[in-house]
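In the numbering used here, the protein residues as written are 5 to 295.
Heads up, a few of these hints could be off.
Below are the BS3-like pairs computed for lysine-lysine, each with C-alpha atoms no more than 27 Å apart in a straight line [said to hold, decoys possible]:
id, residue 1, residue 2
1, K163, K108
2, K67, K128
3, K74, K163
Derived DEER-like restraints, expressed as beta-carbon distance ranges [to be verified]:
id, residue 1, residue 2, range
4, I7, L218, 36 to 44 Å
5, E118, K96, 23 to 31 Å
6, S102, D127, 17 to 25 Å
7, I231, A269, 19 to 27 Å
8, A69, K128, 38 to 46 Å
These are computed hints drawn from the structure, not numbers from a lab.
Beta carbons are placed, not taken as given, at the ideal position from N, Cα and C, and that holds for glycine.
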Amino acid sequence: MAISKVVSIEITDFTTKVCEVSYGKKVATVYNSLAFDNPENAIEDAYVIDKDRYVNELRAHLKDAKIRTKEAVFVLASNKILSREVIIPDMKEKLIPSYINGEKKDYFPMDISEHQITYCIADKNPDTKQIRLIVYAVPINLIRNYQIVAKELDMKIVKLDYTGNAEYHFLQSNYHTTGIDLYLEINEGNTMFTILDQGKYSLQRNMNFGSKSLVEHLMDEGYYGEITKDEAVAKLAPEGFDVEIVEKHHNQKLDAPSGTALALADSINEAMGNQYEYIYDRSQRRQKRDK
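Generate coordinates for the entire structure from the input sequences, incorporating the hints supplied.
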């Protein structure tokens, strides 16, 4: 039977993001979503190291959200996943796996015997008769780790994806621009930046520096004396940082903004001392933002 709906699960070191979404459609429909803080010390670089505590926590959140879908797409967010952009001769897609398997030692000049090789097509150039690929080397023990988690949740893994690949395809499908664009995804422990040139993949890199690193830096360097984590977070807002939440839905969505977006905004505002005013649309406001 064809799969019409999946649960997308992305596990970072500090939070888990879950989205129940349609599967195999050009325009995705989001049915439900949630995010929660992981149990302390349960996750390390996207590896689930305390499976019992983590699985129980995830199962409880899925139950509370009434998410019963058992087909899962896990989005892997580990810094141990290697990636390379490569150019190969034009060929039928069914021949690409054997081709990159034969060239993998050139792509990754290190021991990758314990890695699984996968790829996505970034671009095809009919003039030069070349294909541009993003090739990934994923640790096999990371894949097995998620297979165990899925089994304990009584879920079937439909697909394993990589954060960078998922982000690239989302941008390519939803943002058709001219010129060169830079997109940043700042997480707690890392920052992913993606560059699109004329709407096509140009470059993507992952840096081991995120919002948690910035907060810790403010605390450790003593710019503001001895401050707590919450005080360090609150210091960022007056320094010129604004927060924007952008959401995209199917054309039958009733509420705007959604309850999920408002819940995220409330959480951020609470952490910032409730100093933000919500502005839902700036299209009719020709003025600079408040400093």
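Results for each hint:
This hinted pair checks out: K163 and K108 have alpha carbons roughly 22 Å apart, not beyond 27 Å. Proximity of K67 to K128 is assessed by CA-CA distance (about 43 Å); at most 27 Å being required, the pair is judged violated. With a C-alpha separation of about 13 Å, the suggested pairing of K74 with K163 holds against the 27 Å cut-off. Separation of I7 from L218 is about 40 Å and conforms to the stated range, judged on CB atoms against 36 to 44 Å.
The hint said 23 to 31 Å for the Cβ distance between E118 and K96, and at roughly 30 Å that hint holds. A hinted range of 17 to 25 Å for the beta carbons of S102 and D127 is consistent with their spacing of about 21 Å. In this structure the supplied range 19 to 27 Å holds for I231 paired with A269, their Cβ-Cβ distance being about 24 Å. Range check, A69 to K128: Cβ separation about 40 Å, and the 38 to 46 Å hint holds.
In the structure shown, a violation is registered for the earlier hint numbered 2 alone.
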